[in-house]
Each structure stands twice: as structure tokens, then as C-alpha cells.
Amino acid sequence: MDDLFPPFAPDANDRPRRFRPVPFRLIAPNMITLLALCLGLTAIRLAFEGRFEPAVIAVIVAAGLDGIDGRVARLLKGTSRFGAELDSLADFVNFGCAPALILYSFTLHNLKSVGWIVALVFAIAMCLRLARFNAMLDDPNRPEWKKDFFVGMPAPAGAITGMLPLYLHFLGLDFSAWGRPVILVYVLVIALLVVSTVPTFSGKTWGKRVPRDLVVPIFLVVVVGFGLVISFPFEAMAAVSVAYLAGLPFGAAQYRKRLKQEASAPVAPAQDSPTAPKI
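The working numbering runs 196 ahead of the 1-based position in the sequence shown.
Hints were generated in silico from the structure; no laboratory data involved. Every residue gets a Cβ at the ideal spot worked out from N, C-alpha and C, and that includes glycine. Relax, there's no trap hidden among the hints.
Okay, the calculated beta carbon distance ranges per label pair: (1) Lys308 / Ser427: 35 to 41 angstroms; (2) Leu231 / Pro407: 31 to 37 angstroms; (3) Arg270 / Val411: 20 to 26 angstroms; (4) Pro219 / Ala373: 56 to 62 angstroms; (5) Ser372 / Leu272: 48 to 54 angstroms.
Work out the full structure, taking the sequences as your base and the hints as a guide.
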């Protein structure tokens, strides 16, 4: 019986493992991601307390931080597998769970079980969309031009457009009993767009080089846009949401055009290697 449980005798030659310090450039992007996650969780708490305006603002700021962390990681050359996984988990909370619970606390709870089912569909659709996005990153045969397009509506855009009824409510639109089924259908449509295969413009490779004559106008547009968002936040978010939804068909048309151009492009003939033996 003693042979079944031999006593532990550490090897005297074993040395304690020494962990190398982690560069700050690897930590900084993850700190931004964690701040965004804190905002998403805080938005859920604010929704439970009935404070919908700060809850919506928290999700919007989290979306802004989500657009920054990846660029900071690439700028500092601090991308890592850990950061990618953390970003996906934070996106599910910030853009799946938080908007779904905010919408449910706002009006979907009045529709009892049906409203809760739609909130579940929205959150799960966001989870599936993020899982598909991570799986597509490992595709080595994906053409370079397809990086300009997402497959389905991206998670931050789905969260921001999904809260359009809240923006309209803050602007004075009264959603009485007649408006609740409309909100339910609208949230369900956004969830379907998130998990759909409709191509949407991403702009990841756009703007790497800006013409000199456009630098000053771009600065002015950014300043004016920032001023509008600060002064009229919900009017601006409602306008952005409607404009984004209206622009989805144009993005899909551009994707089909690029796809036809790729299909009609002549294929370069394979050339024999000069060192390869000829038969």
C-alpha cells in the first residue's frame, strides 16, 4: 500500500523558475481593454438602477476604447494571444451582455418571456459573431482586400445601433405599449445582422496614407464631430446609427464589386523554378 502513495521528495538539483519581467508595451493595451470591461460591467449596474443615460454613455465610451486598444497594441508592437482573448471576452460583455440587459431593463421586460428571449438572442448572436471573427483570423488564404470588410455587423456597431430606441427615448420620443413590439423586432433584426454574412465596410486598410490637402479638412471634421457628440450626444448617436444602417447596402454592393473584379482578374501562369529539374 505504501508503494501506491510514495512520499514526495523534491530533486535537490531543481532550481526555482525565474519569470522574466513583462514589457510595459504588452501591458498597456490590456489595461485599456480592462478599462472598457469595467465600463461595460458598470453599464449593467446602472441599468439595474434605472439610470439609462449614464449606462448608454458607458457602453459608447467602451466602444471607443475598443477601437483604441488594438491600434495601441499594433503601434507599440505589443500584440499577444492573451490580449486577443481578453479583447474578445470584453467585447462579449460590453457589446453583448450590457446592451441586451440595458434594453431589457428599459422596455423589453414589459413583454415578459418574449422580451427576455430577444435579449438572449442579441447577447448570444454577439458571442457567435466574435467566435466567428476569431476563427477567420487564422485563414491564411484570405485576400488582402477582404480586410476592408467585416462578415456581418461588427460588435461595437451592433451595440451602438441596437440602442437606437434609447437615444430616441432620451430625445423625447414616448415608447408606449405600441412601441414595445417595434423595439423587440428592431433588436431582433440587429441581432440577425450581427450573425449574418452580410459584408460591412471596416476601413482597416483605409487611411494609412492621407493626402496633404486633406489633412486640415480632416482635422476640422474631427473637431466638429467631437463638439457635436459632446454638445448633443444622443442626437449625434441617433444620426450615426441611422446613417450606418442606411450605408449597409452600399458596403455590400462594394464588396460584390470587388469580388467580381477578383474573379475576372487574369491568373498569372505558374513559372518553372530555374533549379527545378525538367522532365
